[in-house]
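Asker: Those protein sequence lines, which keep their order, are chains A and B.
Note that my numbering has the first sequence beginning at 1, numbered continuously upward.
Note that my numbering has the second sequence beginning at 1001, numbered continuously upward.
Simulated from the structure, these hints should not be mistaken for laboratory data.
Glycine included, every Cβ here is placed at the ideal spot set by N, Cα and C.
Some hints could be false.
What the hints assert, rightly or not - Simulated DEER-style distance windows between Cβ atoms: (1) B:Ala1200 - A:Pro36: 44 to 50 Å; (2) A:Lys53 - B:Glu1018: 19 to 25 Å; (3) A:Gly115 - B:Leu1208: 39 to 45 Å; (4) A:Asp69 - B:Leu1208: 22 to 28 Å.
To be verified - Heads up, incomplete: computed chain A residues facing chain B, CB under 7 Å, no partners named: (5) Ser22; (6) Phe23; (7) Ala27; (8) Leu52; (9) Gln72; (10) Cys74; (11) Tyr76; (12) Gly78; (13) Phe95; (14) Glu98; (15) Tyr99; (16) Leu100; (17) Gly101.
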Amino acid sequence: MHLVAENLNVIRGTRTVIADVSFAVAAGESLLLTGPNGSGKTTLIRTIAGFLKPESGAVRLDGGDSELDLGQQCHYVGHLTGTKASLSVAANLAFWAEYLGDRDPLVPTQDRVAGALERFGLAALADIPAGFLSAGQRRRLGLARILIAKRPIWLLDEPTVSLDAASTTLLAEVVSEHVAGGGILVAATHLPLGIEGAKYLRLGGAAAEAA
Amino acid sequence: MTGFWTLVRRELALALREGSAVGTALGFYLLVVALMPLGLGPDLKLLARIAPGVLWIALLLAALLSLPRMFEADHEDGSLEVMATAPLPLELAAAAKALAHWISTGIPLAVLAPVLGILLNLDLAAYPALVATMLAGTPAISFLGAAGAALTLSARRGGLLLALLVLPLYVPTLIFGISAMSSAALGLDGFEASFLILCAISLASVVLGPLAAAAALRLQMQ
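All chains should be modelled from the sequences, with the hints used to inform the complete structure.
Answerer: Given below as structure tokens:
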């Protein structure tokens, strides 16, 4: 399984944000996007997820599920957490567990939700409305989504924002397990996530300088 | 299809918990209709004659009030982007949200209408037709409204723009809804024909509305 981008060009408004970017990430590898603010890290991640159409070039997954779009094989965790303030923490996650599709019918939704909450240290907060969570806890709830449905590609956009040191370590563990299990990780980050053997893609050539 | 019903259930749970939207729509409907006799005077014959039109127009405006929230919350908290990566196509997600809007707003408004009919001295014979036409006509309001709500998603203060976009699309529903009710109230033959056309308009909206809404949502995510 390979995630391949070829000569990708993405234009936002009149500005070319991504100019001629190519990369290939194999299963079990991770790609960390670095670069200054405005260098196109988010744009690249959103292009892989299929929200943005590239002007030219393409992203594709070789050896993935041919019946699904690339976006449907990705977990996308962006700046927003996708949580509802009036639903409980467990209910928020249970919704995504069912909505994102159960690829493992042997494990009931409840157990998957409980497992993901446990892993991200939210088990004690399961029955509290998500609106009462702190920013860091909310972010962890958003991240817990990546554990409840199995998908080969994880797209994480600044996943460590508002996380404390312990949670950052936890996230690094979760991510390393995913990569070790043959998954693909593409993350935009300012902090090194502590993943061994990660590839780096530095964005922000001419486009960032012009901005 | 489990995703479809999961989404409908979540939308209904949220509508119930954050009940303000439904409450506002029902309260608005009640007030507008209650103001009519005060403004027009106690002429019972006049009120009975204009009752179908007043009930329908006030219903459209009340439903319009709750439309902008259909996708707004999911857009603001990022849920919409996650939904775009789900196995359920965005068209069906839009349909699920429109269906939930109909159940949580359209049906309560249609059920409240007979109560308001009393305020307007509506002929008792017209009550079954009133509820039937409103239940048949309100899906068009929710499903066409979904397309409008999706289009105006990132427009600041999109509420007014939404009204400008969507109200003209409600004209056929309004015409055939009122004509079905008037025929029933006056004991004329035309009820069945108008009612069937009203159903046809709703069915077409149920199919076309989500397609347009999904296309608009994809644009908004760009």
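Asker: Are the hints correct? Go through all of them and say.
Answerer: Do the hints match the structure? See the list:
Against the hinted window of 44 to 50 Å, the Cβ-Cβ separation of Ala1200 (chain B) and Pro36 (chain A) comes to about 57 Å, which falls outside the hint. In this structure the hint that Lys53 (chain A) and Glu1018 (chain B) lie 19 to 25 Å apart at CB is violated, the actual value being about 34 Å. About 42 Å separates the C-beta atoms of Gly115 (chain A) and Leu1208 (chain B), a value consistent with the hinted range of 39 to 45 Å. Distance hint for Asp69 (chain A) and Leu1208 (chain B): a CB-CB separation of about 23 Å, consistent with the stated range 22 to 28 Å.
With a least beta-carbon distance of about 23 Å to chain B, the hint placing Ser22 (chain A) at the interface is violated under the 7 Å criterion. Checking Phe23 (chain A) against chain B: minimum C-beta separation of about 20 Å lies over 7 Å; hint violated. Evaluation of the Ala27 (chain A) hint against chain B yields a violated restraint, the C-beta minimum of about 19 Å exceeding 7 Å. Checking Leu52 (chain A) against chain B by beta carbon gives a least distance of about 6 Å; that is within 7 Å, so the hint holds.
With 7 Å as the threshold, the beta carbon of Gln72 (chain A) comes within range of chain B, its nearest partner Cβ sitting at about 6 Å, so the hint holds. At about 6 Å, the closest approach between the beta carbon of Cys74 (chain A) and any beta carbon in chain B falls short of 7 Å, and the interface hint on this residue holds. Proximity of Tyr76 (chain A) to chain B holds as hinted, the smallest CB-CB distance being about 5 Å (cut-off 7 Å). The beta carbon of Gly78 (chain A) is positioned within 7 Å of a beta carbon in chain B (closest approach about 6 Å), and the interface hint is therefore held.
About 5 Å separates the beta-carbon of Phe95 (chain A) from the nearest beta-carbon of chain B, less than 7 Å, and the hint is met. Hint on Glu98 (chain A) holds. Least Cβ distance to chain B is approximately 4 Å, under the 7 Å limit. Evaluation of the Tyr99 (chain A) hint against chain B yields a held restraint, the C-beta minimum of about 5 Å falling below 7 Å. A hinted interface residue such as Leu100 (chain A) counts as satisfied when its beta carbon comes closer than 7 Å to some beta carbon of chain B; here the least separation is about 5 Å, so the hint holds.
For the restraint placing Gly101 (chain A) at the interface with chain B, the shortest Cβ-Cβ distance is roughly 4 Å, inside the 7 Å limit, so the hint holds.
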